[in-house]
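Chains as they are written, first to last, in my numbering: chain A, 1 to 334; chain B, 1 to 131.
Any given hint might turn out to be false.
Claimed, not checked - Pulled a few chain B residues facing chain A out of the computed Cβ check, cut under 10 Å: (1) 3; (2) 25; (3) 26; (4) 28; (5) 31; (6) 33; (7) 34; (8) 36; (9) 39; (10) 46; (11) 52; (12) 53; (13) 84; (14) 95; (15) 128.
Keep in mind the hints are simulated off the structure, nothing from the lab. Just so you know, these numbers come straight off a predicted model, no measurement behind them. Think of the CB as a built atom: it goes at the ideal place given N, C-alpha and C, for glycine as much as any other residue.
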Amino acid sequence: MDSRNLKSGKSKELVSKLLEGDRLAAARLISIIEDDSVESSDIVREIFPHTGRAYRIGVTGPPGVGKSTLVDRLTVTLRGEGVTVGIIAVDPTSPFSGGALLGDRVRMTDIGMDDGVFIRSMATRGNLGGLAKTTSDVADVFDAFGKDVILFETVGVGQSELDIVEAADTTVVVLVPESGDSVQAMKAGLMEIADIFVVNKADREGADNAVREIEVILDMTSDQEGWTVPVLKTVAHEGDGVDALRRIIDQHYRYLASKEKLAEKRRKRVRAATVGIVQEKLHSRVWNDPRIEEFLKKRVDEITTGNGTPHSAAEEILHMVGFYNHSECMKGEQ
Amino acid sequence: MAQKIRVLVAKPGLDGHDRGAKVIAAALRDAGMEVIYTGLHQTPEMVVEAALQEDVDVIGLSILSGAHMTVFPRVMSLLNEKGLDNVLLTGGGIIPQKDMDALERMGVGKLFGPGTPTTEIIEYIRSSVAH
Ligand SMILES: Nc1nc2c(ncn2[C@@H]2O[C@H](COP(=O)(O)OP(=O)(O)O)[C@@H](O)[C@H]2O)c(=O)[nH]1
Ligand SMILES: [Mg+2]
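Based on the sequences and whatever the hints tell you, model everything.
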C-alpha cells in the first residue's frame, strides 16, 4: 500500500469514528479539512451523504458588538430544548504574519463543558469573504457528526459578507445602539444580508432610536418577499431578549420551509461548492506547473520592453496547459 | 496550504490578571501561529476540553498563583486520558527550578519564568512541534 492509500485508509477510519460520535475524530477531521490536505476531498466525499440535516445560522456584525456573548446565550437556550449545537467562530488571519488571535471562546464559557456542544475557532487563512475557504466543509463535519444546529460567528464590516449568506440558512446581523452604526452598516451592505437584526447592548442609551433607524433603512432596502426583517433588542450578557431571538429564528425557519426556500438555499450551496472546486482545480492546474512561472517571468520582461501583450502571453499559457486541446486535457486527469 | 501551528493559551486559577497571557498570545500570533485564547479562570477540565475541540498542537498555561504543582499534573493526566498524548504542554509563571524539574519528569514541556523573551518561547514551540 502506498502512502496515499494509507492516508485515505486513515481518513475512512476517522469518518466512521465521527459517525459514531467520537469528538476527537471530529476535531482531527476538521483540521485535515482546514489544512486543505490531500485527504481533504476524500473526507468531504465520505461525509457528504450524512449531511443536510443541520440548521445553519450565521451571526455577523462589527467587532465587539457582542456576537460571541449572544452565540453563547443562544446556545444555552437551544440546549434547554435538547438541541445539539456546533459552533464555528471565524476571525481574520493577520495578513502580515499569517497568524491569528482567536478569542471568541472567552465569551463562551457557559457551554464549553457541555457534551452537546462543540466549539471550533477558525482563522480565515487569507480568504476575503469573512469565512475561510473551508468553513462550509467544516460545517458539513458538524452536520455529519449529528449536530442539530450549526452557528457561524463571523466578523462583518466590509462589502464581503455574501459568504455567510451562502453558508447559513438564517443570517442574524448584530449591531449596537451607538449612533451612526446603522448608517455604517447600510453602507457596508449589511442591510441586504440580514434575515434578522439584533440591536445588542440595549442596556445602553439610544437602543430604541437605533431600532427605529434600522427599521426605516430596512423599509428602503429590504425586499424579501413574504418576510419582514424583524429588529430585536437584546442584552446578551444578561440573556435578555435571547428567547425572543430564538423564537424569531424558528419563525424564519418555518418561512423558509414553507416557501421551498430551504431547498433553494441548499441548491445554491451545493452549486457554490461545485464551482469553487472547479475554480480551485483550474487555478492549481495552471499555477502549480513550474514551467508556467518560468515562462511568465520571461514574457513579462519581453512585454515591458515592447514585445507582445498580456493577451498573447495568456493565450500561450493556456495552450501550454492544454486549455484548447481536449485530448491533452483528459490525459492530465488519468 | 501549509499547516499552521495551533496553540491554546489559557490562564487557570483564581487570580484576575491575564496581561502576561495576552502578551504571549499576541506574540505567538505575530509569529504566524493560530492562537486560541480562552481567558481567565480556566479549570484543567476546561483547558483539556478546549484543546480537544480545537485540535491544538500546544497548550500554554500562565500560572502565577502558585498552583502549578496541581494544575500541570492534572492537565497532563487529562490529556493522556482523552488520547491527546501528542499535545505539547508548556507554560510560564513563577515556578521554582525544582518544581520545573519535577514537572518535566512527568512529561510537561519547558516552563518559562516571568520576563522570558517571547522569541525564546516562539523558538521553543517551533522546534518542538514536528509537523
Ligand atoms: N453592556 C453590554 N455589554 C455587552 C453586551 N453583550 C456583550 N457585552 C460585552 O461586550 C464585549 C464584547 O463582547 P463579545 O461577545 O466578545 O463581542 P464580539 O466581538 O462581537 O464577539 C464583552 O466585554 C461583553 O461582555 C450587552 O448586551 N451589554
Ligand atoms: Mg467574538
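### Query
Which earlier hints can't be squared with this structure?
Structure breaks hints 14, 15.
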